[in-house]
Amino acid sequence: MEFFVYSEDSILIKFSYKTENKIFNSIFSVKKKIELDFNKYITDSVQSINSLLIIFKKNKISSEQLIKEIKDKGYKINFNKLNGKIWEIPVCYDPVYAKDLEEFSKSKNISSSDLIKTHKSKIYDLLSMGFLPGFMYLGQTDKQLHCERKLEPSLDIKKGSIGLALDQTCIYPQDSPGGWHIIGVSPLNFFDIESKSPCFAQPGDKIEFVEISIKQYELMKKDRLLKPNFR
Amino acid sequence: MIKVIKSGLYTSIQDNGRYGYRNIGVPSSGFMDQHSASIANMIVGNNKNESLLEFTLMGPTLLFNNNYTISFTGGDFELMINDSKIEMYKPINVKIGDILKVNHTKSGARGYLAVSGTIDIDSFLGSKSFFKSITRSHYLKNGDEIKVLRKKKNKNFYNYESKLEINNLMNAFKGPEYYLLDKESINKLFNDEFIIGLNNRMAYNLEGKIQAKLNSIISSPVLPGTVQLTPSGKMIILHRDCQTSGGYARILQLDKKSINNLAQLKVGVNIKFKLL
Numbered sequence: 001m002e003f004f005v006y007s008e009d010s011i012l013i014k015f016s017y018k019t020e021n022k023i024f025n026s027i028f029s030v031k032k033k034i035e036l037d038f039n040k041y042i043t044d045s046v047q048s049i050n051s052l053l054i055i056f057k058k059n060k061i062s063s064e065q066l067i068k069e070i071k072d073k074g075y076k077i078n079f080n081k082l083n084g085k086i087w088e089i090p091v092c093y094d095p096v097y098a099k100d101l102e103e104f105s106k107s108k109n110i111s112s113s114d115l116i117k118t119h120k121s122k123i124y125d126l127l128s129m130g131f132l133p134g135f136m137y138l139g140q141t142d143k144q145l146h147c148e149r150k151l152e153p154s155l156d157i158k159k160g161s162i163g164l165a166l167d168q169t170c171i172y173p174q175d176s177p178g179g180w181h182i183i184g185v186s187p188l189n190f191f192d193i194e195s196k197s198p199c200f201a202q203p204g205d206k207i208e209f210v211e212i213s214i215k216q217y218e219l220m221k222k223d224r225l226l227k228p229n230f231r
Numbered sequence: 001m002i003k004v005i006k007s008g009l010y011t012s013i014q015d016n017g018r019y020g021y022r023n024i025g026v027p028s029s030g031f032m033d034q035h036s037a038s039i040a041n042m043i044v045g046n047n048k049n050e051s052l053l054e055f056t057l058m059g060p061t062l063l064f065n066n067n068y069t070i071s072f073t074g075g076d077f078e079l080m081i082n083d084s085k086i087e088m089y090k091p092i093n094v095k096i097g098d099i100l101k102v103n104h105t106k107s108g109a110r111g112y113l114a115v116s117g118t119i120d121i122d123s124f125l126g127s128k129s130f131f132k133s134i135t136r137s138h139y140l141k142n143g144d145e146i147k148v149l150r151k152k153k154n155k156n157f158y159n160y161e162s163k164l165e166i167n168n169l170m171n172a173f174k175g176p177e178y179y180l181l182d183k184e185s186i187n188k189l190f191n192d193e194f195i196i197g198l199n200n201r202m203a204y205n206l207e208g209k210i211q212a213k214l215n216s217i218i219s220s221p222v223l224p225g226t227v228q229l230t231p232s233g234k235m236i237i238l239h240r241d242c243q244t245s246g247g248y249a250r251i252l253q254l255d256k257k258s259i260n261n262l263a264q265l266k267v268g269v270n271i272k273f274k275l276l
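If you're matching them up, the sequences are chains F and U in order.
Sequential numbering from 1 applies to the first sequence in my numbering.
Sequential numbering from 1 applies to the second sequence in my numbering.
Simulated from the structure, these hints should not be mistaken for lab results.
In the SDA-like style, the derived pairs of lysine to any residue whose C-alpha atoms are separated by at most 20 Å in a straight line are:
(1) Lys256/U - Ser62/F
(2) Lys196/F - Gly20/U
(3) Lys32/F - Lys76/F
Ranges between beta-carbon positions, derived for each pair:
(4) Ile77/F - Lys3/U: 56 to 62 Å
(5) Met202/U - Lys196/F: 21 to 27 Å
(6) Asp142/F - Ile218/U: 16 to 22 Å
(7) Lys3/U - Pro177/F: 32 to 38 Å
(8) Lys85/U - Pro153/F: 44 to 50 Å
(9) Lys85/U - Lys196/F: 44 to 50 Å
(10) Asn103/U - Asp192/F: 37 to 43 Å
(11) Gly126/U - Pro177/F: 25 to 31 Å
(12) Thr230/U - Lys106/F: 30 to 36 Å
(13) Gly126/U - Gln216/F: 34 to 40 Å
(14) Ile77/F - Asn159/U: 53 to 59 Å
(15) Glu193/U - Pro153/F: 30 to 36 Å
(16) Asp175/F - Asn167/U: 37 to 43 Å
(17) Glu8/F - Tyr158/U: 25 to 31 Å
Ideal placement from N, C-alpha and C gives every residue a C-beta, glycine not left out.
This is chain U alone, in the form it adopts within the complex (with noise of 0.2 Å):
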């Protein structure tokens, strides 16, 4: 058993998410950085879409009830074990009684913590992804106990040399309404830098507004990764907590490297877009 002593600023268990149900409006949510958390199972032997614990900006401490072997990838978290120092990307044997203490990232803002089994909780609709309304909690608190059901025979582990490659350039297919926007607009899509703001699992807002103001649509449906033009001009990037269908233009659609890419930028940062 591991026990949350502090659940830092955001930490929820994750995997490969929910699918199959969009249509009666449930969320895929899972992983926001896809690579990295396949990385983080696939170091300790695990299946690469096994769920595991991701934790945003400020990481949690945790004590270990039981020896376990453990990864660590993502954003360039300090990390700790009883007061030493341990590295990224390598797997880590850790005993009874031994204290781990994820401090601040340095570049990134999504860490993952895979452990060598299984986390046994609960699946609904397919997935053990933590999500408001289908989970009975949506991230983990102070006090939270969490089984993992160990390999019986130790698999191979493995190291990882690469690191996580923070990368701002946003590459996107054209969206729906990207056909309604003007010449300058795009002009400015993918010349201006456009800067992060408030974001969470389910969306990213952007600062800076492209000259359009293109009208609400008929709801329709959205994927993470949606970029949607809002009537005000601003963009709103969708994430893998967003719902299934919104009203504002979608104008680009990220592909899969980029909403990996997207997750690990922090607010404040530039991002770019590019058209594929």
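Just chain F, same shape as in the assembly (with noise of 0.2 Å):
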């Protein structure tokens, strides 16, 4: 872990180690940690791929004071220990809303179905939140999978609409537009403004789609306070 001053009440802590997957786990619970044990000075927590921004009030204590006494607490990261939840995400992969699917895997010589079976095979780590409010980064895709973004974007994407760009698979939160390639549709609602918390799931949890026909979509798409499992 190195620490830095980011501003005059925040720190940026990087974590750099060689295989990626397994530090996005150990961020996650060196987060939690911080969270727990500084409770008192802390307002928001910035979890990314390879570093974690901490945002803290300065009249109760100053960047470099707090970076010491992290640095004191000596964190050993853990790299086997999945603190985070798995997500089960119903996604209806019908070419009526995936809008994108057959084209996309027309350029990449495999069939629908094919792409499909490898997009849900994966459980993919919640790299990170932003672009829209609960707009969920998730990686890593299958190679067969990467992609650049769209060259033009498309300005209607639906909501739920599940999109593929580079070596990550996504979620839009709300109607939007947005340059991935859509290759399915939720019936969640995975931004709930109402909410104290308005995200069921956070930067650290892991999602695993799993396939509805178009029928099954329409009729859960109707229940409006629908969650999705999780374990």
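Dock chain to chain to rebuild the complex, using the hints, since each chain is given by itself in its own frame.
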């Protein structure tokens, strides 16, 4: 772990190890420990793929002092322990909603059904959230699915859409323009502004996609309070 | 109630912002110039973080349907109540039927109008600050009505002698990718002046380049005040409504005062960076 002063009221902790997947779990566990041990100072903490930004009350402690106190705790990085939940996200891969599925599989020279099989075969890390409130960056996808963003962004991506770009897959929490290739849609609500914790998942958790039919999608879509299963 | 007759160029309701939700991608938002906004609130006896109206370059025209005590701070806007000029940084009593016109600003970019009491709109994730996809609207429109819950007993009001000082010097910490800059670029960064280009509540584009062309980084946390260097050599300074993470090299981070100062600079103004 490397520590940096980011501003008067924030510090950045960088994690640099060789296998990215494992770093990711350890960042999550360090974040949880810091939040617990330094609860009285901290107002926000933002996790990304290889770093952690801690924002604190500057009238309570200085950046330098907080770095020192965190270092003094001597947190051990535990690679194997997984603290996050695994969420089961229902996805309908029907081309009616999966606008880019056919063109994308053609460009990759695989059948749509193989593409779907590959996409749902992996459990993904929720790497970070950004771009839109509740927008999930999930990684890493199978090599076969790696791709550039679309040359022209789509203007009308539907809420719940599942996208592909680079080595990641994503979930759009609301209608939005966007450049990811859309290969499916989920009937769940991913961002509930009325709730105190608007997202059921958080960075550090994992996401597993479970295929549903278009009929199931349309039925589940009607249930506004539908929550995903987790384990 | 206050009725918006003309909304101005970009007028919104802001408070101190949203905290604790950046990890799920929710920006902080809030007053662009926290210093001026808090003074506006203190003049009318409000808590300094109370919600108020923020306007940009060209202010709104408002009709008061009640008696209120109000105050103005920030940029040097021309203010008229029923065709007579009024002063900034002072408590002002307005009456039912008064029409307030906020014209252009002579210096500074943002103005704040505080009303003694509380603006009665819903809070989302702990804040009333307008932001698209979080609050119902993201700017005020002609015809909007703003309900204000007045204080039962008038508290103390204050006059402020100090006016807004425009400051073009941006004090900054080294950003996480600062060390990737070569010597020449660092010289340029602190000796050249950069011109403010297109900007909004999310970010300020700077014209003028430094030599270094840093590649994109793995998407990493950013904050209001983060100075990003794009692969073309141009810089962007993020502001209150910025996204929570970004993929450009973070070469500097402005201190709190400079973030407030930046909010008052117009397109075409020169700025300079200084390392803290």
